[in-house]
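Number of protein chains: 2
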Amino acid sequence: MTATTDLRKTVERFWATAEARHWDAFAETLAEDVVYTLPQTREKISGRDRFVQFYKEYPGDWHLRIERLVAEPGHVVSWIHAAVGLEEMYAISFFTFTGDGLINSITDFWPEPYEPPAGREHLSERY
Amino acid sequence: MTATTDLRKTVERFWATAEARHWDAFAETLAEDVVYTLPQTREKISGRDRFVQFYKEYPGDWHLRIERLVAEPGHVVSWIHAAVGLEEMYAISFFTFTGDGLINSITDFWPEPYEPPAGREHLSERY
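Heads up: the protein sequence lines correspond to chains A and B, in order.
For the first sequence, the working numbering gives the first residue as 1, with consecutive numbering after it.
For the second sequence, the working numbering gives the first residue as 1, with consecutive numbering after it.
Hints in this document: simulated from the structure, not taken from any laboratory.
Worth double-checking, as some hints may not be accurate.
You can't tell identical chains apart in this list, so a pair holds if it fits in one copy or across any two.
Stated by the list, open to error - Cut-off 20 Å, straight-line C-alpha distance, at most; resulting in silico cross-link-like pairs (DMTMM-like, lysine to aspartate or glutamate):
(1) Lys44 / Asp108
(2) Lys56 / Glu125
(3) Lys56 / Glu121
(4) Lys44 / Glu32
(5) Lys56 / Glu32
(6) Lys44 / Glu115
(7) Lys44 / Glu121
(8) Lys9 / Glu72
(9) Lys44 / Asp33
Take these sequences, add in the hints, and give me the full structure.
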């Protein structure tokens, strides 16, 4: 079992190498049979080669930075800030690992802005 | 500093007491000056009383269950499944704590389903 601090470093390297478009180093963080899941679109991408290709082909001049990482044995969660041109978003990603510390699953969520429903203005403030 | 296993139990109790509408026990998981943030609507709710009221007043016959918790010293992340009538969603919540283990901040994300953009059907499968 790989130490939690190493899993955290692997996720930091995952995002840093994606941001740098260093695809060989990016691929080195991944298990060959990694599975990437997007519950919002119900899409799955299976296998390291396809997953790296998905990132390589992802359109736009996107930039990523980590807002928060939370790690425990076998699990890391990242909350990142993503900018594509003028559009800014957050993404939350749940990572799991092989016994030797390679990423073997990633489940990504991309929440979008929306208008608050009426009826709670007496409790909330906008920022 | 409260042990990570206790922080995890506090978040389990937070969701279980919300699901059970046990508002006194729910309030006991919270610091008096808890801040609840919804980045998607840019809303903030400040203070335990207002936050409990927000939950009490939240419309619909909603039900919550934990899918995954990840905890480290001072931080817990939950991924929950929420059902309101026939609608089903996930929510991801980042918790922080006071030194004595009460929740002092919650940042919630509610990602919604969307259609996958064209151009990646050669890499992904739908499920």
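Against the structure, the hints come out as follows:
no.: 1; hint: Lys44 / Asp108; in the structure: within (10 Å within a copy, 24 Å between copies)
no.: 2; hint: Lys56 / Glu125; in the structure: between (40 Å within a copy, 18 Å between copies)
no.: 3; hint: Lys56 / Glu121; in the structure: between (43 Å within a copy, 15 Å between copies)
no.: 4; hint: Lys44 / Glu32; in the structure: within (15 Å within a copy, 42 Å between copies)
no.: 5; hint: Lys56 / Glu32; in the structure: within (17 Å within a copy, 47 Å between copies)
no.: 6; hint: Lys44 / Glu115; in the structure: between (29 Å within a copy, 13 Å between copies)
no.: 7; hint: Lys44 / Glu121; in the structure: between (39 Å within a copy, 10 Å between copies)
no.: 8; hint: Lys9 / Glu72; in the structure: both (12 Å within a copy, 15 Å between copies)
no.: 9; hint: Lys44 / Asp33; in the structure: within (12 Å within a copy, 41 Å between copies)
Of the numbered hints stated above, none is contradicted by the structure.
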